[in-house]
Amino acid sequence: MANITKKVSWSSRHDEPGATGEGTPLLNGSEQPRYSRQLSGGGIFQIGRLSTVDLDEEVASDQDHLRSRPKEIPHNEKLLSLKFESLDYDNSENQLFLEEERRMSYIGFRCLEISRWVVCGLIGFLTGLIACFIDIVVEQLAGMKYQVVKQNIEKFTEVGGLSISLILWAVLNSAFVMVGSIIVACFEEGPMIHSGAVVAAGVSQGRSTSLKRDFKIFEYFRRDTEKRDFVSAGAAAGVSAAFGAPVGGVLFSLEEGASFWNQMLTWRIFFASMISTFTLNFFLSIYNDKPGDLSSPGLINFGRFESDSVEYNLYEIPLFIAMGAIGGLLGALFNVLNYWLTIFRIRYIHRPCLQVMEAMLVAAVTATVSFAMIYFSNDCQPLGPDHSEEYPLQLFCADGEYNSMATAFFNTPERSVRSLFHNQPGTYNPLTLGMFTLTYFFLACWTYGLAVSAGVFIPSLLIGAAWGRLFGILLASITSSGSIWADPGKYALIGAAAQLGGIVRMTLSLTVIMVEATGNVTYGLPIMLVLMTAKIVGDYFVEGLYDIHIKLQSVPFLHWEPPATSHWLTAREVMSSPVTCFNRIEKVGTIVDVLSYTSTNHNGFPVVMHHAASDEPAKLCGLILRSQLIVLLKHKVFVELARSRLTQRKLQLKDFRDAYPRFPPIQSIHVSQDERECMMDLTEFMNPTPYTVPQETSLPRVFKLFRALGLRHLVVVDDANRVVGLVTRKDLARYHLGKHGLEELQLAQT
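Numbers in my numbering are just positions in the sequence shown, counted from 1, shifted up by 22.
In short, the hints are calculated from the structure, not lab data. Please note that the accuracy of each hint is not assured.
When the alpha-carbon atoms are kept at most 27 angstroms apart in a straight line, the in silico DSS-like pairs for lysine-lysine are as follows [as the list claims (entries may be wrong)]:
id, residue 1, residue 2
1, LYS656, LYS609
2, LYS105, LYS238
3, LYS238, LYS658
4, LYS672, LYS658
Pairwise CB distance ranges (calculated) [unchecked claim]:
id, residue 1, residue 2, range
5, LYS105, LEU497, 23 to 33 angstroms
6, THR587, LEU233, 34 to 44 angstroms
7, THR247, CYS133, 13 to 23 angstroms
8, SER137, ASP311, 51 to 61 angstroms
9, GLY314, PRO686, 47 to 57 angstroms
10, PRO404, SER317, 25 to 35 angstroms
11, THR620, GLU115, 39 to 49 angstroms
12, LYS641, ILE558, 43 to 53 angstroms
13, LEU109, LEU134, 18 to 28 angstroms
14, MET631, GLN674, 23 to 33 angstroms
15, ARG698, LEU233, 32 to 42 angstroms
Glycine included, every Cβ here is placed at the ideal spot set by N, Cα and C.
Work out the full structure: start from the sequences and follow the hints.
This is the structure we're talking about:
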């Protein structure tokens, strides 16, 4: 059994519904005041202390385990951020919900199913349009920038004054980046997966809360369960539009986020991805004056590998696996460097003005380094008859030749990847590729995490394609017959997959994305082996880039599996206790006071019931959410008003949907002193069948319930069905931090 080391740090906590929050919600936050109140007989209870356990210690004997097993597991007070709240994926099956579902006919349910398909189609269509707009704008802006700089360089190459060209390039880079950075730092902007998710979140609700426009459609979908499914479809549509990979988009959404899936949902997500790809393809064909030519399936087109160029032999597979190991090592180095850089940003570059200035600095430095690399390079290659280079620079090369380094630096990254994949052997010399890989590696590491709408996929692919092509060239030079390694493009493809896999540690979805983006399934097995190897090697040293940033941002992310050595832990040791509870018929003033406490930002509360004729402790009879209580207070659903017939109508689910998702704060709801003395009956609105577990339930079983059912709260009860604690997603997320996670977070906070 695991030998547990105790590290106790007491604190009050803001947490998810039913659990108190952390004292310090952010990495650089300050502790909030603590409120503590406790009523006997099942009234209001304040959650006290939680703990975090180190699960990485060596195995000890059973006797040592029994002696060392702690009564309470230590807790670090600055682990998770309150900025992030999970959705209530589990439907609240209260009386209002059940009455509405029972009134709905079979035809009504079929119409809802059709509406879901319509919404997914709209999501795919709008995401495709956004991708088309981005592609056209980027192409025009990049074309303008490179043409202006190219003409300036050609003008001053012979007469001198190339410093003017350098300044022009740096200024153009900084200007474009400044606009994008201001949007990100002050408002919001993101890559295609984010854009697709935002579109889905808006379209599926049939209204815009920002613009205050309600189109009175899709009202049934205004709840977390439906919204989550549509956001998954939007994310998949975004990936599909970016890479022209509908299947890869579905798998990406599945691999990276979904709690549970069903067959029909998967088909709807795939439908949204296909519509997104088709929409982008169709409108780009019109833009390119080739209506109906659907040959541009994604924003990023790597070009198709012809069958004769992608042939490989059995003896090359070990070489591919070795490249996967190299990708894992380089990916681990990339992640470590970016980790320390991110800690520096968290500590020193947290103001919007500083974030914009840093982004502009990186843009200017990138232009300067790129110009210097091109200027000092003497790798001159003859211009081919097809002139496949987009913006060839002659510089000091002879007539009819171009600077090969410029093909890599003086171009959009996706075009550079395409040239590394498909240019003829001899296009690049080894020194050019080596210097480009080294330089671009550190520039990409510095760039990721800036306040700009930029991802890590294309830079990683470009780095890997460069050293992969270099790998192929070196193989040809050390063999007696270079003909078997004649096409270095296939090694560029393997290197690109290895580098990206070593950084992000994705396997299944990335394999399909690479196969779909290159239009050839021949390399499906090698790419899969490379990605698996890169993940295994990289995970030995450090986590994936996404996992690192999730931890540094204190996001309460729930992993796929519980800690491997956690089977002896039980719900009693994980739960938060005591719990803030409400009586089935509760005083309005009590509810208002609990919801008003800023230091106990609960989002859900167990509802308990007392037996008037006995002194037995209160037993669990339901669970109610903060959002539901807010709506009840807003509409003044009080027992006394109902008896005096002052209420005009019975509250309906529409009232809750109209307030979704931006429920008003409790401070905006006026409750008079007389109304505070009224009572509120929660019976009709609470969920009478919340998920519960005995306090002896093992941690892995609790974890699987959250993952499989998409839970947010799990009530822990004793043998008499009395509430003894509450487990939330944040409680479980803490246990994946472990010893190293605590050290990293403490380092980021200091």
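(request) Quick one: which hint numbers does this structure break? Sort them smallest to largest. (result) 2, 5, 6, 8 and 11
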